[in-house]
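Protein chains in written order, with this note's numbering: chain A, 1 to 884; chain B, 885 to 985.
Source of the hints: derived by calculation from the structure; they are not laboratory data.
Note that this is a predicted model, so its numbers are computed, not measured.
Be careful, since some hints might not be right.
Below, in silico cross-link-like pairs of lysine-lysine (DSS-like), each with a Cα-Cα straight-line distance of 25 Å or less [said to hold, decoys possible]:
#1 A:K56 <-> B:K888
#2 B:K888 <-> B:K926
#3 A:K654 <-> A:K668
#4 A:K56 <-> A:K92
#5 B:K888 <-> B:K957
#6 A:K143 <-> A:K328
#7 A:K56 <-> B:K926
#8 A:K324 <-> A:K143
#9 A:K64 <-> B:K926
Non-contacting residues of chain A with respect to chain B, defined by C-beta distances greater than 10 Å in every case (computed) [stated by the list, open to error]:
#10 G58
#11 A450
#12 S553
#13 D565
Non-contacting residues of chain A with respect to chain B, defined by C-beta distances greater than 10 Å in every case (computed) [unchecked claim]:
#14 L44
#15 V243
#16 P249
#17 L394
Built from N, CA and C at the ideal position, the CB exists for glycine as well.
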Amino acid sequence: MTSLRRFLTRLLNSATRRARDERLREEIEEHIALQTEENLRAGLSPIEARRQAMLKFGGVEAMKQDYRAERGLPLIEHLLQDLRFALRLWRKSPSFTAVAVVTLAMAIGANAVVFGVLNALILRPLNVPQPESLYEVKRADTKYPFQSYPDYLDLCDRNRSFDALIANNFAPVGLYTGGNPSRAWVYEVSGNYFDALGIQSYVGRFFHSSDDHGPNSAPYIVLTHAYWHTRFQDDHRVVGRTVQVNKYPFTIVGVAPPEFQGTVLFFAPDFFVPLVNAEQIEGSSFFNARANRWVFMTIGHLRAGVTPEQAVADLNSIGAYLEKTYPKEDGKTSFSLARPGLIGDVLGPPMRAFLAALMLLAALILLAACANLGSLFAARAADRSKEVALRLALGAGRGRILRQLFTEAMLISLLGGAVGLWGSVVVLRGLAVWQPFSQFPLHVALNPDANVYGVALLLTIASGFLFGAVPVRQVLHTNPYEIVKSGTITRVGRRITVRDALIAAQIAICAVLVTSSMVAVRGLFRSLHGNFGFDPGNVMLLETELNMAGYGSDAIPAMQRRMVDAMHTIQGVKVVGVIDDPPLGTGAGRTLIFTDQTTDLRPGNAAAAPFIYIISPEYFDAASTALQEGRAFTWHDDKNAPRVAVVNRLFARKLFGSEGNAIGGYFKRRDGTRVQVVGVVEDGKYHDLTEDPSPAMFLPMLQSPSSDTWLVVRSNRDPQQLAPAMRDTLHALDAGLPVVIQTWNQAMNVVQFPPRMATISLGVLGVMGAMLSITGIFGMAAYSVSKRLRELGIRIALGAQRKEVLQAALGRAFKLLAFGSAAGLLLGILASRVLASIVYQATPRDPLVLAGVVVAMALLGLLATWIPAQRALSVDPAILLREE
Amino acid sequence: MVLKTLDVLGPQHGYGIARRIEQISGDVLAVNQGTLYPVLLKLEQEGVIASEWGASENNRRARFYRLTREGRKQLQVETQDWEQTAAIIARFFEVKAEDLT
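Chain B with its partners taken away, still in its complex shape (with noise of 0.2 Å):
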């Protein structure tokens, strides 16, 4: 999600991202908004995203995180993976009991 996002909206910090996925899931993933760094650090260290400290919308100081060409790549990979574990559970629950015989 934060890959996609950051995909998205180009560079990011991260009240940006926590607002953003709220935003789009309609609230319903409203976790601790705080979990957020962890991951986005994680992703970090992983060389996916990187981080560079930048000016906010107010022209305060605020660390934006972008997508690394390796991030891109990586979003592909789990777009794909993604789309082909929803399309073989949508397929599970398209079955219908008459076409198994």
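Okay, chain A solo, but in the shape it has when bound (with noise of 0.2 Å):
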């Protein structure tokens, strides 16, 4: 009770400094000057009276001390103290400031993005009830989760160990409510999945187990909240509503809650449709096709009580049931296990293991910006050793100044941690929405959550005392009397540091980062210009999915031509030729091809595997691809015509020695037909833009149909302007059709992905290694011009030029970074190998590229040495001089 009030109190008192010091004083005055009297009285001189009196009261200073250590709280008194004498010095140094906060928020923020994106797909699980029990069931043979269907069924009805399973495909579909038809990417699931999952509807219903009557008997859609909200507009009045799904019938039964975003971590669906319905979904289906493997997932919640190791047993029993009952379908059956939202084995160890690198590289990000912050520190400790000194020499305590020195850095530490925080929840947000792949409904919730922030936060203190701690030893190592007398001390090291050598290792490690980047960048600008094989330019691309708008195969030819023929009749189209899928496209088929004479068509002996295309008559016209040898196809070649190919000219050389040969050869496909060489045209980039020569064949599309149209339609001006007349040219043909219009330079955006990726990354952490660098020499330079203060001083009082006074300041900064950045340079070259994997022709023999690395550290250097510099030629000896 008395310590409580004695707590308010002192709560009271720290508001009210002021007025309890006034009171003190005088209490001190008054009880002097009774004892003075009373000296006097007792026959002392007035001032031996006074001089004794003093005496005996003590020391005042030190018991002022203690009497406001009793009256208020000195912890959080001593605290504000500090903090302010913090504020008020970041206000005299503010670079100092900016550079220590700036470091900080960005090796913070780094380390709370790449925590936030494994905080989102490793540490957190699904979203759904129970996730921890939940599995994926996949064939021990392979990574990938793929099963047929009657296996499905069997694991189902066999199995002892889960709850349900339940099985999910994804597919894209078109979708037409009236108006404009669009494209959207579904699950296809077993009627099971949101009744074993445990996910309750938001509105509406869930399709159940009982809705589920064989093929094509449960045409109902469930939105996800994210569809009903883009698409719907939040309307509750859309359940019920049919809608046509590549042309079907649909009908509308509810939507799912919006935390609910399916059962892979990254593939936001736009809505689940039931698994039986496979064939109008797809196209085809394969319900009773034991050895086509066409189900994506299978996965389930393990009943209570039963382990992984039991359920494996369990599932392998059931394998070997299907070995021996279906020898030739299944093969060799056993099972496995694995966590279904990185799909298990397929994306989950290389995402583990990309994760921990970069979170790796963070970490160390981090380590060194405090290391160079710590070398700032002890640069601003030095310099202030003599204040530090009179302060110890007038009785502070060793702890106090420490305190403030920590006050100190946890402020900066705090501040570059809240801006580090604040930029990577931007970051996050916009990794959130950001598609990289606009034909991929490729979502991540990236939301920050207690735990990033909790992690941010961590991560901020332990720096704070980090570089914090770096100046302790000096202080505690102040000798107040001799710096007090001498001024400081200065000790020029001459030996290579620990310090030193780190540095330089940063200013190496930035080096071949801006030499990666600027390789990477200029391979990336080649690559638009590139040759591969078709000419981009001009062109627009317009992709559609016949089967979406309800043709069977038997339809598709004919709509082709028709939608070819419509396409000419545009203003400003040249040539207008189709595809199933263009080359560096997304979906690059290969096939395996053997020569006429195998007769044993076993895949051990194919001759070639070619990527595959099958292509209109103007194909090649429309994408400038040359003809070398023979002719291409015409509108003759079809189902009554013998089996004709183009192929390119590697192919032809691998098949029939040469280009000429090829013309009229004939090779066999796999199912051992025999098809005819007509033409051959240049080679090309198929798959992606660092490829090797591979070869291709193109096959007429009147012989083998395929429902996946690409319009592929040249013009003799910007093809841009014609997108409007070309979609209403395809909507008045069919408007149910969707239509995906973009150039082809904008569809080239997937395979250029990876090395634009590459170039990002590499420029974020060149950007990321500058700053290291930066702070790094600024510290050290800034250190080495305090501590030679008064040797400046003395060079310039001799008469000392600029140029020595540089040089005698910062030549070691010099030295380290003309070191550091030819050892990087070095490295960025050899880097640069590992680059051309990626990147297009990135190669660093490019003068372009030497001499900007060269500028670029150079500017860095500068930059970092600026303050210093300014500050060692501004020394004024007489000034320094006298103040010594």
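Now that you have both chains on their own, put them together as the hints suggest.
And the structure:
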């Protein structure tokens, strides 16, 4: 009770300090006056009387300190004092503060971003009830989780380990609700999907196992909350509405809750449909084909009390049964379990390794930043050694002085952490809505949660202590007597210290990153003007999937022909070609081919695995792919004509020895069909920009129809202007056919994604490295200047020129910079070989790159040493020497 | 000691208390008089003494400390405690070796 009252009074007193100080002063005065009178009465002289009184009273200042400590809350008061002092110091040296805060903000921000991603993808489980017992069932001999539908049914019926097993697939569909048809991504799921996961509907209802009565029996749609919001504007009346999916009527029955976005972490669908309707969704279905593993994922909750090992044993006994009963289709069958969120073994381990490496890198960046800030702080502590010595001499405790230094460090650290966290939240939000590939619904819920904030705070405090601790030894060893007497003791080290090595290493790494990012940028520019075996300039691509508008395989060729003819009616269109999937797109397929003499068509006997494209007669003209020998296709190369193909030069040389020999030659496909080569075209790039030359073959679309239809429209003016006309023309042809229109260059963004990402991440890392180097050099230069200020003053007094002063002050920093840059440049040139596998034609043997690196590093050095150099040059020997 | 002094003498200023403690202890406890003030402050904040401005013997402004009701209670408690402690310790000194056998 009394202690509480005392605390409250003290708290109050902290606020009303002034008045109380006055009271104490009066009391002391009165006390001493009374004692003096007493002494006078005892017969002492007035002066002696007062002296004795003072002596008897004891040290006034120390007592005041005690008094204040007793009265207020010293801890908080000291903290406030320290904070005020730190803020005053900041105002005195804003550049130091800015450098420190920016460095910390970037380092802590980088850590928070990486941790945010790590948290969302690895630490946080799927957003379903009891995610810890949810497992994916996959065949043990592959990392992919595919199963055939009959196998899935057998697994469902025969296992005793899972509460329920659910199956799902992904597919793109065309959705037509009247107005503009659009493409959407769906999860095809087994009827028990929502019930087995324990998800409750947000609006309306879900579909259940009981809705499932065989193929195409359950035309129901459950929307995701996000799609309901963007496409249907949160309209509750949407439940019960019938819409067209691939031209088949489906009824919307409900909406999933906002936090549920499917069972793969980064693949957010637009809606869910029953798997039994797969034929309508995908255009084909294999419900009875045991050998066709097309069901993407099989997952389920383990029963209570069943361990994963028991479940695997149970599944393997089913495997043994399948193996025995269906030796031809299933073959050797054993199962294993994996976590579903990152599709088990497909993405889990590489993602984990990648993020762990990134986290390590971020931690190293933070550590290096702390080391640099530590040396900056040491420089400041050296600057202030006189002040510290004076305070020590006046009786301040070393603990108190250290606390002040730590308060300052912590304040900077907290500010940097706050800025960094804010930046990282912005970056994470940006990443969360970022869609690198417009055609895939890649989306990760990267919402920073308490974990992220906690880690950021922890890192902030830890780094504050780390760099705040660097000058501690310096302070503890301060000898106030020596320093007050003779000024700062200057001992200039000539040795190469650990700190020097660290800074040189940072500069070297920075130079490596700068070199590689410049190489990458140059490569990226070059790749925009490379030779791909086609010319994407002035070409518009219209991507359609005829299956989405309900065209069966018989109707497809006629429709494609109508589309081509319709495009020709647009003013400005020169040539129109059709291809099933353009080269350097997303779906480069390969197929096995055999020489004509091969009779045993086993995969091992294949002569080549060329890329396969299905094209219309005018495709080569539309794509500007040069025909080297023979002829292109005509509209007469149809079902009734002999099978023909056009191949690229590499294919021709590989199978027939030379391009000339190829014309008229035959090869066999896997099903035994003999195909005659009628033409040879130039080689090109098919899968990605850095691939080795590959064989490719082109087949006429009338002989192997494909529902995937990309119109390649070459025009003689800016193709962007023609886009609306193209859309209208297609719409007039079939209002329910979804189409994506983009330039060929835009479509190639997908293949340029890896080099772009490499360039961006190298750039980001380069900026980080530059920042570290700058603070490192800045800290070292500032330290050496402030340590040698007196020496520099004497040099100037003795008539040294600016150049000589700079050399004395910063020679070492420049030496480190030159050495580190040279080493980094060399390493960067070596590293570019690795880069060449990601970025098209990345080569460091490029004068522009070399010059760029040198200029960048020089700029960096200039920036870092600018302030210390200014300080060294502005030394006024008169003031300095008088001061000492 | 401060409480007892105030109990005996009634309201007193700081100097008076210091002098009194010195006198009673026979100048054995002649510590720095300044250390008295933090103690007074602590007691005041605990609410066992109160203080107000008044005029000293020679008509100067001085701060007078007096015991509060709570202070009297506390003094009683502490007196009892002390007497008990003193009695126990005294008994330890009285005990001789043969008494324990």
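Outcome of the hint check:
1. A:K56 <-> B:K888: Given that 25 Å is the threshold and the Cα spacing comes to 23 Å, the pair holds.
2. B:K888 <-> B:K926: Holds: K888 (chain B) and K926 (chain B) sit about 16 Å apart, inside 25 Å.
3. A:K654 <-> A:K668: holds, 14 Å
4. A:K56 <-> A:K92: violated, 43 Å
5. B:K888 <-> B:K957: The hint holds at about 12 Å.
6. A:K143 <-> A:K328: holds, 22 Å
7. A:K56 <-> B:K926: Since the Cα atoms of K56 (chain A) and K926 (chain B) sit roughly 22 Å apart, the hinted pair holds (cutoff 25 Å).
8. A:K324 <-> A:K143: Measuring from Cα to Cα gives roughly 23 Å; hence the hint holds.
9. A:K64 <-> B:K926: Holds, at roughly 14 Å.
10. G58: With a cut-off of 10 Å, G58 (chain A) comes too close to chain B, as the shortest Cβ separation is near 3 Å.
11. A450: At about 40 Å from chain B, A450 (chain A) clears the 10 Å cut-off, so the statement holds.
12. S553: Fine: 94 Å to the nearest Cβ keeps S553 (chain A) off the interface.
13. D565: Holds, since 98 Å exceeds 10 Å.
14. L44: holds, 16 Å
15. V243: Answer for V243 (chain A): holds, closest chain B Cβ roughly 76 Å.
16. P249: holds, 83 Å
17. L394: holds, 18 Å
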